[in-house]
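Just so you know, the sequences run in chain order X and H.
Residue numbers for the first sequence follow full-length UniProt numbering, beginning at 1 and rising by one.
Residue numbers for the second sequence follow full-length UniProt numbering, beginning at 1 and rising by one.
One or more of the hints may lead you astray.
In the DSSO-like style, the derived pairs of lysine-lysine whose C-alpha atoms are separated by at most 30 Å in a straight line are [said to hold, decoys possible]:
#1 X:K460 <-> X:K435
#2 X:K537 <-> H:K90
#3 X:K87 <-> X:K40
#4 H:K90 <-> X:K540
#5 X:K546 <-> H:K90
#6 X:K476 <-> X:K537
#7 H:K172 <-> H:K90
#8 H:K90 <-> X:K479
#9 X:K460 <-> X:K446
#10 H:K26 <-> X:K537
#11 H:K26 <-> X:K546
#12 X:K540 <-> H:K172
Example chain H residues on the side facing chain X (calculated, C-beta under 8 Å, incomplete) [to be verified]:
#13 T59
#14 I72
#15 E81
#16 Y115
#17 Q121
#18 V123
#19 N125
#20 C126
#21 G128
#22 G160
#23 L162
#24 H224
#25 S226
#26 Q237
If you are wondering where the hints come from, they were derived from the structure by calculation, not from laboratory data.
Ideal placement from N, C-alpha and C gives every residue a C-beta, glycine not left out.
The chain contents come next:
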Amino acid sequence: MSDSDEEDSAYYGTPLEELDEDEVRARKAPRIEDQFVRDKQGRRRFHGAFTGGFSAGYFNSVGTKEGWTPSTFVSSKGQRATNVQSKPHDFMDEEDMAAHGISPQGIQTSANFDDSEQMKRKRVLDPSGPIPGTPTMGMKLLRHLGWRPGQGVGPRISRHQKRSSRKEKERMHGCQGPRGSIEDSDSGSEGDETHMQDVTFAPDDVDTLCLTRPKVDQFGLGYKPLDRTSVLGGHINLFDPSPLVMTEKKKKLLIKGQAFGVGAFEEDDEDIYATEDMSNYDFGEERKSAGQRGGENKDQSVMAMHGLVEMIEGFRLSSQPQHHHKVYPAPILPQDFLPQHQPRRRRFERKESEMRGLGRHDMTAEQRAKSLVDQSKTIVEVRSGVKGEPQGLSKCNKSKSVENTFDVDKIFEEFKSSTTKLGSDFKPFAKDAEKQRRYELYLRMKERGQKDRFYLAQPKSMTEWEREREIREFSKAAKLFQPLTSTMANRFTSAVLKDSGPVLKDGLNTNIPKVEPVTDESEVDALGHNVADERVKAAKMNMFGKLTQTSVDWYPNRLLCRRFNVPDPYPESSFVGVRKSKREKFSIFNLLNAPVEDTAGLQETSSTSQEKEETAEDENLVDKQENFGLKVPVDGPPTMDLFKAIFQDSESDSDGDDEKTASVKIKEEESSSDDTQSEKKNSSSTKNSPRPLNEHTFASEMNFSDGMFAATASKNLETVKEKKEDKEITDESLAIKKPDGQRVRISRFEPKRDDPTSQPECLPKPVFIHRRKDPAASEVPPAKGIFANIDFEALNSYRNITATSSQEQTSSATENVEENIGKNKKTDSDSSVDSEDEYGPPVPVHLKNRLQMIRSAPPTTTALVQKLGEKQDTITKHKSWVEKEPKNKSSKKHKHKDKHKYKKEKKKKKDKKNKKHKERKKKKEHRQLNRKDSSSSNSDSSDSD
Amino acid sequence: MLAGYEVLDARGSSDNSLIGSCSLDKSVMMWNVSTGEALRKFRGHAARVNCVAFNEESTVILSGSVDGTVRIWDLRSRNKEPIQVLDEAKDAIMTVGVSAHEILTASLDCYTRIYDLRNGQLVSNCVGESVTCASFSGDGQCVLTSTMGSSVRLMDRETGELLSQYTGHLSKEYKVESCFTSSDTHVMSGSEDGYVYCWDLVQASLTNRLEHTGSRVVHSLSSHPSQPFLLTASLGQVWLWSNQPNNTENT
Numbered sequence: 001m002s003d004s005d006e007e008d009s010a011y012y013g014t015p016l017e018e019l020d021e022d023e024v025r026a027r028k029a030p031r032i033e034d035q036f037v038r039d040k041q042g043r044r045r046f047h048g049a050f051t052g053g054f055s056a057g058y059f060n061s062v063g064t065k066e067g068w069t070p071s072t073f074v075s076s077k078g079q080r081a082t083n084v085q086s087k088p089h090d091f092m093d094e095e096d097m098a099a100h101g102i103s104p105q106g107i108q109t110s111a112n113f114d115d116s117e118q119m120k121r122k123r124v125l126d127p128s129g130p131i132p133g134t135p136t137m138g139m140k141l142l143r144h145l146g147w148r149p150g151q152g153v154g155p156r157i158s159r160h161q162k163r164s165s166r167k168e169k170e171r172m173h174g175c176q177g178p179r180g181s182i183e184d185s186d187s188g189s190e191g192d193e194t195h196m197q198d199v200t201f202a203p204d205d206v207d208t209l210c211l212t213r214p215k216v217d218q219f220g221l222g223y224k225p226l227d228r229t230s231v232l233g234g235h236i237n238l239f240d241p242s243p244l245v246m247t248e249k250k251k252k253l254l255i256k257g258q259a260f261g262v263g264a265f266e267e268d269d270e271d272i273y274a275t276e277d278m279s280n281y282d283f284g285e286e287r288k289s290a291g292q293r294g295g296e297n298k299d300q301s302v303m304a305m306h307g308l309v310e311m312i313e314g315f316r317l318s319s320q321p322q323h324h325h326k327v328y329p330a331p332i333l334p335q336d337f338l339p340q341h342q343p344r345r346r347r348f349e350r351k352e353s354e355m356r357g358l359g360r361h362d363m364t365a366e367q368r369a370k371s372l373v374d375q376s377k378t379i380v381e382v383r384s385g386v387k388g389e390p391q392g393l394s395k396c397n398k399s400k401s402v403e404n405t406f407d408v409d410k411i412f413e414e415f416k417s418s419t420t421k422l423g424s425d426f427k428p429f430a431k432d433a434e435k436q437r438r439y440e441l442y443l444r445m446k447e448r449g450q451k452d453r454f455y456l457a458q459p460k461s462m463t464e465w466e467r468e469r470e471i472r473e474f475s476k477a478a479k480l481f482q483p484l485t486s487t488m489a490n491r492f493t494s495a496v497l498k499d500s501g502p503v504l505k506d507g508l509n510t511n512i513p514k515v516e517p518v519t520d521e522s523e524v525d526a527l528g529h530n531v532a533d534e535r536v537k538a539a540k541m542n543m544f545g546k547l548t549q550t551s552v553d554w555y556p557n558r559l560l561c562r563r564f565n566v567p568d569p570y571p572e573s574s575f576v577g578v579r580k581s582k583r584e585k586f587s588i589f590n591l592l593n594a595p596v597e598d599t600a601g602l603q604e605t606s607s608t609s610q611e612k613e614e615t616a617e618d619e620n621l622v623d624k625q626e627n628f629g630l631k632v633p634v635d636g637p638p639t640m641d642l643f644k645a646i647f648q649d650s651e652s653d654s655d656g657d658d659e660k661t662a663s664v665k666i667k668e669e670e671s672s673s674d675d676t677q678s679e680k681k682n683s684s685s686t687k688n689s690p691r692p693l694n695e696h697t698f699a700s701e702m703n704f705s706d707g708m709f710a711a712t713a714s715k716n717l718e719t720v721k722e723k724k725e726d727k728e729i730t731d732e733s734l735a736i737k738k739p740d741g742q743r744v745r746i747s748r749f750e751p752k753r754d755d756p757t758s759q760p761e762c763l764p765k766p767v768f769i770h771r772r773k774d775p776a777a778s779e780v781p782p783a784k785g786i787f788a789n790i791d792f793e794a795l796n797s798y799r800n801i802t803a804t805s806s807q808e809q810t811s812s813a814t815e816n817v818e819e820n821i822g823k824n825k826k827t828d829s830d831s832s833v834d835s836e837d838e839y840g841p842p843v844p845v846h847l848k849n850r851l852q853m854i855r856s857a858p859p860t861t862t863a864l865v866q867k868l869g870e871k872q873d874t875i876t877k878h879k880s881w882v883e884k885e886p887k888n889k890s891s892k893k894h895k896h897k898d899k900h901k902y903k904k905e906k907k908k909k910k911d912k913k914n915k916k917h918k919e920r921k922k923k924k925e926h927r928q929l930n931r932k933d934s935s936s937s938n939s940d941s942s943d944s945d
Numbered sequence: 001m002l003a004g005y006e007v008l009d010a011r012g013s014s015d016n017s018l019i020g021s022c023s024l025d026k027s028v029m030m031w032n033v034s035t036g037e038a039l040r041k042f043r044g045h046a047a048r049v050n051c052v053a054f055n056e057e058s059t060v061i062l063s064g065s066v067d068g069t070v071r072i073w074d075l076r077s078r079n080k081e082p083i084q085v086l087d088e089a090k091d092a093i094m095t096v097g098v099s100a101h102e103i104l105t106a107s108l109d110c111y112t113r114i115y116d117l118r119n120g121q122l123v124s125n126c127v128g129e130s131v132t133c134a135s136f137s138g139d140g141q142c143v144l145t146s147t148m149g150s151s152v153r154l155m156d157r158e159t160g161e162l163l164s165q166y167t168g169h170l171s172k173e174y175k176v177e178s179c180f181t182s183s184d185t186h187v188m189s190g191s192e193d194g195y196v197y198c199w200d201l202v203q204a205s206l207t208n209r210l211e212h213t214g215s216r217v218v219h220s221l222s223s224h225p226s227q228p229f230l231l232t233a234s235l236g237q238v239w240l241w242s243n244q245p246n247n248t249e250n251t
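Using the sequences provided together with the hints, build the complete structure.
Below, the structure written as C-alpha cells:
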C-alpha cells in the first residue's frame, strides 16, 4: 500500500465501494431481467426480448404506438407535394448532434445574455441620501432658503454661540463630536474673536446617529452574561503556526483543537495547563499598529469624513473608495405632458366623444336644466295638439350652418309637422345641435316609413362611412329610448291632486307646465273611453259602488295562506299575484243581475199577484235571453252612458214599458187573446229586447254598428208616413250601412245575405219577431240536455217574417224607438241635473244616491231598451259626424247617378228632423202618462220623493 | 338600537315580543322588545317604507312602500325574500291594514285595495282622491278611508258603496290618519289645523274637536283597542287622551 504501488498500477472502471465488515448486505443484487440498460440521458434504449424488440421504434424514436409509418404521397392541385429530402439528423438523437458536428438548430440565448442576473433591474443606489433621486425636493427648497449641504438648519448663530453649543453637545455625548477637527483648527485663533463678532455661522448639522456596537443578543441593556469561551481559555489563534504542528515522515500531522493530557508524540512533559506561552497570544494589534500607523491616521480622517466615531469591531474601512453608481438624470418632460395613461388608439376606433354618444355626461348643470325645460315645453306642445315645431328644432333652425343647402331645409320642412308624438322626449345628441336636429328628422322619417330618404338630409361633408354610422347610431338610440317610456308608462299614473309642494325658484321645475294626464292604455274599453277616468269621475260624483269597484282574481302565495291560517283558494294553480294579461271579466250580465233581484223584490211588495207573475216572467225572460246563446262576454267594460242608462234613470216610464212587454209576454204564453194590437206590441217588445243585447255583445263593432243602427232607426221613422218611399229608404240605409261594400251582421243568427237588395225591407226590421204558438209547434218533442232551455222557435222566428206583417211591425217599432229616444233625452238631462244636485251637502247625498239607485234600477229589459235609446240618442247628438261619412261616400257613389236622389235624401233628413220634434212632443205627453202609471204602481219610490 | 334613518312606522306584534319598524332607508327592521336589539332587517323595497303591519298571529309582517308595493315578509323562517309582493298599486302605499284574512292597502293612486286571501279576490275601490289612510271597522264590514281632499269616507266593504262621509277637517299635504274609536261609535281623524276631529259614526255630525295647543298638524292617531283612550301624534309630540277630564302629554 505504498505510494509507489499506487503509481505503478493502472485502474479501469469504477472501484467497488469498500465493504464494511460490520455492514450486513441488505439487499440482493437485482436479477438480470430487472436490470435495464440506460443511456447517458437515463433513457431506456433497448426494449423487448433481447436488445431491440419490436417496440424499440416506438419507444426510441418514432413515438407512436403504430410504429413508424411511411409517408404517403399526397399531391393535389392546390397543394403540390414537395420533394422532401430527409437528412440524417432527422433520425438522430439530439444529444448526438454535437458528436457528429451538426450544429444545434434551435434558438438559444447566447452566453452573453444568458445571465439571469442581467435581467434583473438594478437597484438605483443614490449615495447622497436615503431618499433616491438627487437632489430631493426638500433639499431644493432648503437650498433656496440658503442652506448648504453639511450645514444645520435654523437661524444663524454667532461664533461664540456655536462654540458653546458644541461644548454642550460634547458634554452630552461624552466624546468629541464628529466635527471636532474644525474646532481644533479654529481654537488657535481665539484672539480674533472680537473681529468676527458680527460674523454669524450656520448651526451645526444634526449628528447622524451611528450605532457603533449594534446589539445582537437578547439580554437586557448593559447586562453581560458569563462568557462561555473563557472556560477553555481565551483566544486561540488557529492561523499562526502552532507549536502542536509536527511533521513526521513527510506526512503532516495536524492536531487541531485542544487536547487533554500529554500526547504520545510530545517530547517534553510540559505542563500545558500552567504555562501560557506568549506565542499563544495574538499580538497582531501591536504589529499592525507598528506597521500601519500612518494608515490609521488616514483612516481616522476618512472616518471623520464619513461621520463615523468608532469602527465596529472586526471591520475596517476599505482602502478603495466606494463604487459610485452612475446616475443618469431623469428625462425632461415636455411641456404638454399629462400624467395620465392614454392607450394607443387604432385608426378605426371611435373617439371618446363619439363613444359617449349621448353627450349628456359632459353638460353642465345649467345646460341640463335648460334642456330639461325645453323638453317639457316640447312635450306639452305636442301633447296638447298644437302642431307647432318643437322648441329645440326652432333653436336649431336659428343656428343654421352653412352646409345646409336649400333642399335639405326642404326635407326638414316636409317632416317638421309631425302628427304623432315623438317617441323620445329627450335629446340624446343635444351637444351637437345639428346632429340632434337630424336625429329628430330621422325619428319622423322612421315614423312615416321613409327612412331611406334620410341620407338626403345628411350634410355633404360627411363621408359615406360617417353617414352610415350616424344612421346606425340613430336607430340604436331610437330603439334604446323608446320602449323604455312605454314600459315605464305602465307603472305610473298621473297625479290627481296638484302637487302643492314648494316650487324651486331657480331650480329645474320653475316653468314646467301642467301636463295632461296620460291615459292608462290597459284600461281603455272598446269605445276608447278610459275606464280609470270613468271610475274617478264616478267617485267624484260620490257614486261609489259598482262604478268604482273592480274585482279581480288574486292568487295568494301558498305560504301566505298558511301563515294566515286560510285554505288556499286556488290549490291547483301555482300562479301568484294578479294575472296581468287577462282583461277584466266585465260582461253586461254581471251588471244586470244585481238590479234585477233588487227590483224584483220591490215589485213583489207593491204589486198585485198578477204583477208578481209578471216579474217572474220578467226574470224568465232574462233567463231565456241568456240561454239564447247570446251571452258573449263584452270585450271591454261599457261606457258611462250605459251606466247612466241603467242606474241613473229615475223615471218610471221604463217600468211601464217593461210592464207592457211583460204583460204581452204573458199573453202570448197563455195564447188566449189573439187580437192584432197585442201582436203589434209583441213584435215591438220582442224586437226591442234582444236588439240591444246584440249590440252590446258586439261591442267591438260598437261605433260602426251604432251608426248604422241610428241610421236604420231614423229611416224607420219615415216609414210611418212615407210608406211609398220605403223601398228607397232601405236602399239608402243599405248604402249607409255598407260604405265599403261589406255587410255587417247585426246578430249572429241572422243569415248571411250576399245580395243586400234582394230583401230590402227586412233590414230595418227587427231581427226577432214573435211567432204565436201554434199547435204544430207544440207537437214538436221538447228538447233535452243543454238545449232544453233554449227557445228554438224564438230563435228562428226571424225566418217567419211575412211581407204583410212587416209594414205594421216596422211602424210600431219606430214608434217605440221614438218613444225611447224622447224619453232618454229627457231622462238624460234629468239625470245630469240630478248628479249635479248630488254633489251638494254631504249627508243626504249617499242616502239619496242609494235610494235613487234602487228606485231607478229597472228590470233588465227596460234597461236594455233604454240603453238602446241612449245609444241612438248619443248618435243623434253626433249626427254630423255620423252622417258626414255616408254623405261623402254616397256622393262618391252617386256621382254617376242622378242628382235628384241626392236632393231627395237631403229633404228626407229635414223631414226627419221635423218629425223628431213632433215625436218628442208626443213623447212628453206620453211620458207624463207613464209617470202617473208608474207612480201608482211603484209606491215605494213615490213615497220617498 | 336605533336605525340609521327616520323611522316612519312601527308596530308591535301580537305577543308583544317584537316590534316591526320601517324607515327611510328602504328597510324593515325587527326588534326584540326585551333586549332592544335588532333581530332582522328586510331589504327589498325600492323606496322608503311608509307603513308596516303584522298579521293576527304575527307570523308575517307587511310593509308598504313609496315604490307602490306591499311586501310580505315571513317571520317564521329565515327567508330573506318576501313571500309575496303586491304590486298592483300604481303609487305609494300609505297604509296597510290586516284583518283575519284580508289585507287592506291605501294608495296614493286613489284606490283602496282589499286582498281577500280566503276567496282569492282583489277588490279595488276607486275613491277619486289620493288615499292616505284606510282601516277596517271593528266588525270588518266597513272601511274608513281618509283622502287628501279633506274628507273621511265610510265605505261598505262588500259593495264599495259610500255609507257616510265626514268632513270639516283639513288634510291636504300630510299623511293624516283616521281611526274608529274602540266602540266603533265615533270616527276620529287628525287634521292639519292642530285638532283631532271626532264625528258620530252614524249621524256623521261633528261631535268634538280635540285641540292640540301649540302644534300645527296632528298626523297620526290610534285608539285603544278596548278602552276609551286615544293616542295622537302631532309634530314632535305624543298626546294621550281619555274621556276623563285630565289629559296627559308626553313630549
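Results for each hint:
no., hint, result
1, X:K460 <-> X:K435, "holds (14 Å)"
2, X:K537 <-> H:K90, "holds (18 Å)"
3, X:K87 <-> X:K40, "holds (24 Å)"
4, H:K90 <-> X:K540, "holds (19 Å)"
5, X:K546 <-> H:K90, "holds (21 Å)"
6, X:K476 <-> X:K537, "violated (41 Å)"
7, H:K172 <-> H:K90, "holds (20 Å)"
8, H:K90 <-> X:K479, "holds (26 Å)"
9, X:K460 <-> X:K446, "holds (21 Å)"
10, H:K26 <-> X:K537, "violated (34 Å)"
11, H:K26 <-> X:K546, "violated (36 Å)"
12, X:K540 <-> H:K172, "holds (17 Å)"
13, T59, "holds (4 Å)"
14, I72, "holds (6 Å)"
15, E81, "violated (11 Å)"
16, Y115, "holds (6 Å)"
17, Q121, "holds (6 Å)"
18, V123, "holds (5 Å)"
19, N125, "holds (5 Å)"
20, C126, "holds (4 Å)"
21, G128, "holds (3 Å)"
22, G160, "holds (4 Å)"
23, L162, "holds (4 Å)"
24, H224, "violated (25 Å)"
25, S226, "violated (23 Å)"
26, Q237, "violated (24 Å)"
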